[in-house]
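The hints should help you fit chains B and C onto chain A, whose structure is shown.
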Amino acid sequence: MTLSSPATYGELLERMRHESPLVQCITNFVAMNFAANVLLAAGASPAMVHAPEEAGEFARLAGALTINIGTLSSSWLDGMLRAAAAANEVGRPWVLDPVAHFATGFRRQAIDALLQHRPTVIRGNASEIMALAGEASAGRGVDAGDSVERAQASATALAQRSGAVVAVTGAVDWVTDGQRALRIAGGSELMPRVTAMGCALTCLIGALVAVAPQSPLAATASALACFGAAGSRAAQQATGPGSFAWRFIDALDALHASELAAQVTPA
Amino acid sequence: MTLSSPATYGELLERMRHESPLVQCITNFVAMNFAANVLLAAGASPAMVHAPEEAGEFARLAGALTINIGTLSSSWLDGMLRAAAAANEVGRPWVLDPVAHFATGFRRQAIDALLQHRPTVIRGNASEIMALAGEASAGRGVDAGDSVERAQASATALAQRSGAVVAVTGAVDWVTDGQRALRIAGGSELMPRVTAMGCALTCLIGALVAVAPQSPLAATASALACFGAAGSRAAQQATGPGSFAWRFIDALDALHASELAAQVTPA
Amino acid sequence: MTLSSPATYGELLERMRHESPLVQCITNFVAMNFAANVLLAAGASPAMVHAPEEAGEFARLAGALTINIGTLSSSWLDGMLRAAAAANEVGRPWVLDPVAHFATGFRRQAIDALLQHRPTVIRGNASEIMALAGEASAGRGVDAGDSVERAQASATALAQRSGAVVAVTGAVDWVTDGQRALRIAGGSELMPRVTAMGCALTCLIGALVAVAPQSPLAATASALACFGAAGSRAAQQATGPGSFAWRFIDALDALHASELAAQVTPA
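Residue numbers (our numbering), protein chains in the order written: chain A, 62 to 328; chain B, 62 to 328; chain C, 62 to 328.
Chain A on its own, in the form it takes in the complex:
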């Protein structure tokens, strides 16, 4: 598998649909239902398992793990840390979504602890990635206050420092492993008007990286291309954010692997 072949992204989607990987999603209360439906529509098998009593044990069964701190609590953080440790022990990839990690002291401490478990991929909006790289950001609450372009240098620095693939999502997404970078187009202005779109994308990255753990950059780009292509298609018939949400699920289900290549360009 090479990034130079545009067919790579579609092949990864087909492989994911064929294997239907079990993806353990520790995500927030707002996103759980939508993220599970996104994964089912795309072809994966989601499992929302987060309790400290079992999160680590379950991580050994799953093909990948995703962790999102949107509605964090101490008990959930405990489950997240156990799951990340277990994923590392058995060599499974895991994806980190640092929602609004700069907003409170509790979140800043949580994200420091999670980063020590070396995520395979980090996905955030521009403000989250900039703040993670130590830059000043205009972030407020869960919405980005900065453009993807402004966050590119931060993303590269973060990728080099952490060893993770870093994805900055927004109007046009940008993903890098610290050396190479890809730009992913598509989507719709309605996407930030629907809650949990980014959280669900993080879960889908988990599904793709589960079937290509050695190629996290290509797997992440494939997930972003799925969202770009399905988002563009859904927007064509949507009459607002309410109709966009279910049309997006239908579009993910109907997505052809051949549609992905056009979404991705080297940056």
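Among these hints, one or two may not hold up.
[Stated by the list, open to error] Cβ-Cβ distance ranges computed for the label pairs, FRET-style:
#	chain 1	residue 1	chain 2	residue 2	range
1	A	Q298	B	P327	41 to 51 Å
2	B	P274	A	A199	52 to 62 Å
3	C	S293	B	Q298	16 to 26 Å
4	A	S208	C	E150	29 to 39 Å
5	C	S319	A	S208	30 to 40 Å
6	A	R222	C	P67	50 to 60 Å
7	C	Q170	A	G166	24 to 34 Å
8	A	A323	C	S208	49 to 59 Å
No wet-lab data here; the hints were simulated from the structure. Virtual Cβ for every residue (Gly too), placed ideally from N, Cα, C.
Chains B and C alone, transformed into the frame defined by chain A:
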């Protein structure tokens, strides 16, 4: 009320709509919103009350209780056990949904403790019911790896041993009280592509058994027939799992009691 | 801003869309996704932050706070009390939604503790408001058993005693600050058939009161008018509660400020 009359299932639906029973649903975070909307569309009054501080007190007010271990934690298990004990004390029926109970040690212990409170109905997919009966299963995560047909003997044994009505749901559902058995048709291939369908069905069984606590086999079959009929109707116009989900809610709301009889046949 | 000008309600909506206030919503598990989508469609920026570890710190960042006890637990109550105290310290408005507060002893104690933090607005159904004012009510679970008309005297007494604006929502809404009162029309019979409509409305009141903290009566009426107008519009094309839910989100997004005035009349 006799099972020999095909009108029974529709009569139970009409009775449920007339009484609009208060159903206490202790279900998982993924299913809560969808399950509440399913119950409202079908005609019941759902209440999601689970905290140990009040779950037992509330169970004395409700017409039925449903318990689903999808996103279990120790605190929630405490609330579940108190609610089940209270339901038994006041003679109210309760329904158990043993989601992926075989996946971790925490779940196995939880399900053992819950079974001691003698559920009125147990609903699961084939893998969950087979594992509950002590059989080897191909279950993985929350999705079934076995066919309903393979689970029939397990369901009968489990019903006889536990005294519960046991429903195995899948392409064609199968429900038994250990002596008699019914087969329920209908539905759509899109149903396993929408998250929390099974969890919502468990809650609807609670609504039907609330109005016919002496006839849990017929009440369960009536709930399964509602899902079969509404699922078939929703699938006629759905263009994918996203549009199926809301069309299913509309179909439950529009369901005629007379549609149920054709879904159910003696097994 | 005066209540005598019918344009007030639309102007507040426009101001809210312009400022896109950050609204901290501590709401129940059933409502979280839908409420976040309602706020995004209306033009606000929702943040679901509730953990005791950060709820108070976050309340200092937000333009308003909303608290809903739908799926209460001890840990969440702790976060609610910290957030309400912090909102008061920094002079931010906050909105209380006392879901089924009469149902259990745990809820009764919780609501007493929350009321001591002097909410800016209280929104409930008729049974909830009557019980809060010390009247006998026909409430059962989360659904109202009384008419809005029956609750008007209770609402006025509660507003005078608590200093809060009190909104009673139902077929025709009624809101008062203890001196003046407004009646808000519109909506649809499908609204009580969709879960979390009232909970989402509470969050939208938070968004409006965030941009007009000195005019909580007008801000609350503006939020109720948004629901009335969008509900009427959504009902025109809905074929059941499933299609109503997403059409309602689309209608909020498409709402013209000029539509609000006709919904509100002095009571």
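We went through each hint and held it up to the structure:
1. The hinted range of 41 to 51 Å is satisfied by Q298/A and P327/B, whose Cβ atoms lie roughly 45 Å apart.
2. Under the hint 52 to 62 Å, the C-beta atoms of P274/B and A199/A, about 59 Å apart, fit the expected range.
3. Between S293/C and Q298/B the C-beta distance comes to about 25 Å, which sits within the given range of 16 to 26 Å.
4. Between S208/A and E150/C the beta carbon distance is about 35 Å. The supplied range of 29 to 39 Å therefore holds.
5. Between S319/C and S208/A, the C-beta spacing of about 33 Å keeps the proposed range 30 to 40 Å intact.
6. Between R222/A and P67/C, the C-beta spacing of about 58 Å keeps the proposed range 50 to 60 Å intact.
7. Hint check: Q170/C to G166/A, Cβ distance near 30 Å, so the stated range 24 to 34 Å holds.
8. Against the hinted window of 49 to 59 Å, the Cβ-Cβ separation of A323/A and S208/C comes to about 58 Å, which satisfies the hint.
When the structure is compared with the earlier hints, no violation turns up for any of them.
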